[in-house]
Structure formats: C-alpha cells, structure tokens
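Asks: These are the residues of each chain, in order.
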Amino acid sequence: DAGVTQSPTHLIKTRGQQVTLRCSPKSGHDTVSWYQQALGQGPQFIFQYYEEEERQRGNFPDRFSGHQFPNYSSELNVNALLLGDSALYLCASSLGSGGPLGEQYFGPGTRLTVT
Amino acid sequence: AQSVAQPEDQVNVAEGNPLTVKCTYSVSGNPYLFWYVQYPNRGLQFLLKYITGDNLVKGSYGFEAEFNKSQTSFHLKKPSALVSDSALYFCAVRGPYILTGGGNKLTFGTGTQLKVEL
Chain Y
1 DAGVTQSPTH LIKTRGQQVT LRCSPKSGHD TVSWYQQALG QGPQFIFQYY EEEERQRGNF
61 PDRFSGHQFP NYSSELNVNA LLLGDSALYL CASSLGSGGP LGEQYFGPGT RLTVT
Chain B
1 AQSVAQPEDQ VNVAEGNPLT VKCTYSVSGN PYLFWYVQYP NRGLQFLLKY ITGDNLVKGS
61 YGFEAEFNKS QTSFHLKKPS ALVSDSALYF CAVRGPYILT GGGNKLTFGT GTQLKVEL
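In the order they appear, the protein sequences are chains Y and B. According to this note's numbering, the stretch in the first sequence is residues 1 to 115, in order. According to this note's numbering, the stretch in the second sequence is residues 1 to 118, in order.
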C-alpha cells in the first residue's frame, strides 16, 4: 500500500523565483492538504483540496496556490519566493474532507531553501 | 479559532521511566485531537487520536493519551520510555465537521522534543 509521496525531496531557489511541489496521496485517499513547517515550529495549514477544489485555506498570501488533478494528486505553487518561504512543506492525504474518516497521513516533505 | 499549546519545549526522561508530554487545546464544540511524532528529516507519523468515547486512547508503539474535557487537555503518556522514543512530538486539534465548513484542517502545537536517556 503506497503511502503519501512528495517530490522533489530538496529544492534550492532564489528570491523572486517560482516553485512547484508535487504530492501523490495514499492509495484510496481523495483529499490533499498542504502544510508549511518552518524550522523549530509546528506545521501551519496552507490549504486543502477535495474534488479538485480548494475547500479550506489558512492564513497564507495569494502567492501560494494549488491544484488537484482528477487522480487526486496535487501541486503547490509558490510565486515570488521570499527568504521566509524557506521551510519543510508537508503534504497530507485523507479520505473525505471531514468526519472521523478524515484522519490525515503525511508524506516525508519537501525541503525548500530560498537564497 | 482553534489553538493548541504544548507548554514544554523539551522533556527529558530516563529509559524505563514513565513519560508524559503535555497538551492543552482550545476549540469550539467537541474536538478531534491527535498526536503525531516526527523524526529528524522525516514527515509526521500518526500516533493516536481522540474522536469520542473513552477518555483514555491507546495508540501506536505503546503510547496512550488521556482526554480531559474539563481541563481541555490531551496529554501523551507511555508507561516505560525507550531511547528510540526520542523525537519531536506534536499535538493537533481539529474542530467538528459542522464548524469547519467541510474541511479537516489541523492546528498544531509548537512541538515538544522528547529525549530519553540510558
């Protein structure tokens, strides 16, 4: 049973550039959430996709956008990168967007460094 | 708004001794509560959850957690700590479905580093 996978593992970008991170959910899951974990902090919710639509959004600027594909995989896009965007980006998948079945399983993360 | 507090940045315990990692929460309505563990350079691994029912929840690797509604706490416990339990532990809360607008956003605490020594 494949778990949540993310690519790439590590990424180095320059300020002002754009980046795309990818996530494949656990087999059987249809909901994908993205979190940002800055060094020494807990994960912060960015947004959640279900049925190819953004269902919930955290307190992140419009520079952060996403997409979910018909096969439930998802992308996180960040435009105009800032030094403060350097973090571990975690993808989590779940079955359904709410209720007890909505338990989330996390991928290993993508470490983004902005220089 | 929902929030989680983990008052201890680090907990040190000797192997074989019981351990407790503290967590308090704030949320409207009945909460869904979770504990996750993170090893260096890894994602989060699910340990256990409280949805409803018994206040004592048992999870993976011998961990358990006690839900206390009056104290709004959900402390993680283990009767006998192992060196391999050393890791970063996160408590998280999710509001009830009807109040989250159909989403299951998790709000995490800042984490507690557990160090188990021989």
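Heads up, some of the hints might be wrong.
[Unchecked claim] Pulled a few chain Y residues facing chain B out of the computed Cβ check, cut under 10 Å:
#	residue
1	Ser27
2	Gly28
3	Gly42
4	Phe47
5	Glu103
6	Thr115
To be clear, the hints were calculated from the coordinates, so they are not data collected in a lab. Beta carbons are placed, not taken as given, at the ideal position from N, Cα and C, and that holds for glycine.
Asks: Evaluate each hint against the coordinates.
Replies: Verification of the supplied hints:
1. Ser27: violated (16 Å)
2. Gly28: violated (16 Å)
3. Gly42: holds (4 Å)
4. Phe47: holds (9 Å)
5. Glu103: holds (6 Å)
6. Thr115: violated (20 Å)
Hint violations for this structure: numbers 1, 2, 6, all remaining hints satisfied.
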